[in-house]
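Novice: Here is what each chain is made of, one letter per residue.
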Amino acid sequence: MDIVVLENVSKLYSRRRSRQFLRTYLAHWFRRPRAVEAFYALRGISFRLREGDSLGVVGPNGAGKTTLLSLIAGLTFPEEGAVHVRGRVAALLELGSGFHPDLTGAENVMVNAALLGLSRQEARARFDEIVEFSGIGDFIDEPLRTYSSGMVMRLAFSVAMNVRPDVLLIDEVLAVGDQEFQAKCLERILRLKRAGKVLVCTSHDPELLRRLCDRGLWLDHGRMAGAGRLEEVLEAYQASVAAAPRG
Amino acid sequence: MSHRNYAFLLTQLVLRDFRIRYRNMSLGVFWSLLNPLIMMGVLTLIFTRVLRSGGTPNFHVFVLCGLVPFNFFALGWVSGTVSIFGNAALVKRVLFPREVLPLATVLANCIHFAIQIALLLVLAAAAGYRPTRYWLLLPVVFGLEVIFVCGLALVSSSLDVFFRDVRYVVESANTVLFWLVPIFYSFAVIPVQYHSLYQYNPVAAVVLACRNIILDGKAPPASLMWKLTLVSGLALILGFMVFGHLKRRFSDYL
Numbered sequence: 056m057d058i059v060v061l062e063n064v065s066k067l068y069s070r071r072r073s074r075q076f077l078r079t080y081l082a083h084w085f086r087r088p089r090a091v092e093a094f095y096a097l098r099g100i101s102f103r104l105r106e107g108d109s110l111g112v113v114g115p116n117g118a119g120k121t122t123l124l125s126l127i128a129g130l131t132f133p134e135e136g137a138v139h140v141r142g143r144v145a146a147l148l149e150l151g152s153g154f155h156p157d158l159t160g161a162e163n164v165m166v167n168a169a170l171l172g173l174s175r176q177e178a179r180a181r182f183d184e185i186v187e188f189s190g191i192g193d194f195i196d197e198p199l200r201t202y203s204s205g206m207v208m209r210l211a212f213s214v215a216m217n218v219r220p221d222v223l224l225i226d227e228v229l230a231v232g233d234q235e236f237q238a239k240c241l242e243r244i245l246r247l248k249r250a251g252k253v254l255v256c257t258s259h260d261p262e263l264l265r266r267l268c269d270r271g272l273w274l275d276h277g278r279m280a281g282a283g284r285l286e287e288v289l290e291a292y293q294a295s296v297a298a299a300p301r302g
Numbered sequence: 004m005s006h007r008n009y010a011f012l013l014t015q016l017v018l019r020d021f022r023i024r025y026r027n028m029s030l031g032v033f034w035s036l037l038n039p040l041i042m043m044g045v046l047t048l049i050f051t052r053v054l055r056s057g058g059t060p061n062f063h064v065f066v067l068c069g070l071v072p073f074n075f076f077a078l079g080w081v082s083g084t085v086s087i088f089g090n091a092a093l094v095k096r097v098l099f100p101r102e103v104l105p106l107a108t109v110l111a112n113c114i115h116f117a118i119q120i121a122l123l124l125v126l127a128a129a130a131g132y133r134p135t136r137y138w139l140l141l142p143v144v145f146g147l148e149v150i151f152v153c154g155l156a157l158v159s160s161s162l163d164v165f166f167r168d169v170r171y172v173v174e175s176a177n178t179v180l181f182w183l184v185p186i187f188y189s190f191a192v193i194p195v196q197y198h199s200l201y202q203y204n205p206v207a208a209v210v211l212a213c214r215n216i217i218l219d220g221k222a223p224p225a226s227l228m229w230k231l232t233l234v235s236g237l238a239l240i241l242g243f244m245v246f247g248h249l250k251r252r253f254s255d256y257l
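Protein sequences, first through last, are from chains V and H.
Here the working numbering runs 55 ahead of the position in the first sequence, where the first position is 1.
Here the working numbering runs 3 ahead of the position in the second sequence, where the first position is 1.
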């Protein structure tokens, strides 16, 4: 069964978006309208992901990788085409977005669990597991500002993983914590994959993608520059990077 | 998201707001009491000693009946207005019902509101106003004000994403409203031909109802309660409509 389907999806970013003050709207009325400068953050993207599929997205900065994940997560909507997603999505776009430094680790866990859509019962039942997985220990009752950045990331990752998603989106966030914790994270993600969940991740680390993903998608200036088996896509992408003139 | 998860999220966000605010204040709840007490003192001093308008017994309780609902209105509306922009990182990266941000912010202000209401009731009792069965109407009156502020905050917070000027408009509107609500004057000074219109302002209606109940020891007129219910209910419906219409584009503009 198809879990994630993108049909000819285009996402437009126009300069109009920067008009956030009243005076710029007013100025726009009085001036002769110029041709609206617009560019496509993504253009003509189509693919289908079934249960157990894992897609690694590669491409240079600004190619549209994060926009693609935001579209799948339902955080933003396409101007053209359609996005269909079945089941619960967990997006690890930027870990700890809902964390507050003055709250304790435990309080932050509950707030974040609620934001990610867990019920009170689910949040309570999984609380110990989240703390256990993060390895934070007794620090869980200390304010977050006393944590090291690695500890914050570990806690954020533990909450997100315990949402038990059907679709997991990971954006460059796996450089979390020490080697031991990274290995634990990878193991947890691979377990989701084996359970038939769908995985979409972006990374500049080809080794990481090889461990996690079977399929590849290469984005360049918002267009699909390549798609297929991960190994082939990575090869083509790396060849183009090597061939590009420097400086 | 089911209703129960929605309620859980709302509670967690209200608790978050409350904890953050009170952990950063060494005197905690005391600040909720200090502001209305100072305003009450200043207004009472001016109107009984300097301007000597006279005629109103227990002017300090009279003023506090106006200040408490107005304070909640002004603070709740302003903080609700900036709640989406203030949580931009969250809105852009986590999918949750966006409505909970302005609603939780307004509801977090209710904790101050409750403390200030307690202060009002204590001072009223100390001044010799005995509780009557009409005091049972107070939660209804204050509840309707909360609904009204939630509605306004839903509208203004969603517009604030597209026009960052909205927060300044709200601040100015609050300054104007301070004079359009009977805080330091009584309803009787309003020209009779404007009485009916004046009562359509829910904040004024709350203050009037509050004075009826506490100072006069009687039920507020039914017409006043109907106007308060009507405008507050419409504000909430309008709020959800405007917000629902605009929320899809939030993350593109933040």
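There may be inaccurate statements among the hints.
[Stated by the list, open to error] Listed next, with one range per pair, are the computed distances between beta-carbon atoms: (1) H:W34 x V:G190: 51 to 59 Å; (2) H:W34 x V:S65: 33 to 41 Å; (3) V:F132 x H:V192: 22 to 30 Å; (4) H:V125 x V:F132: 24 to 32 Å; (5) H:H248 x V:Q234: 30 to 38 Å; (6) H:R7 x V:H259: 55 to 63 Å.
[Stated by the list, open to error] Pulled a few chain H residues facing chain V out of the computed Cβ check, cut under 10 Å: (7) L18; (8) R19; (9) R22; (10) R26; (11) L54; (12) V94; (13) E174; (14) L227.
Don't read these hints as lab results, they were simulated from the structure.
By construction, the Cβ of each residue, glycine as well, lies at the ideal position given by its N, Cα and C atoms.
Novice: Which of the listed hints are broken here?
Specialist: Those not satisfied are hints 1, 2, 3, 4, 5, 6, 11, 13 and 14.
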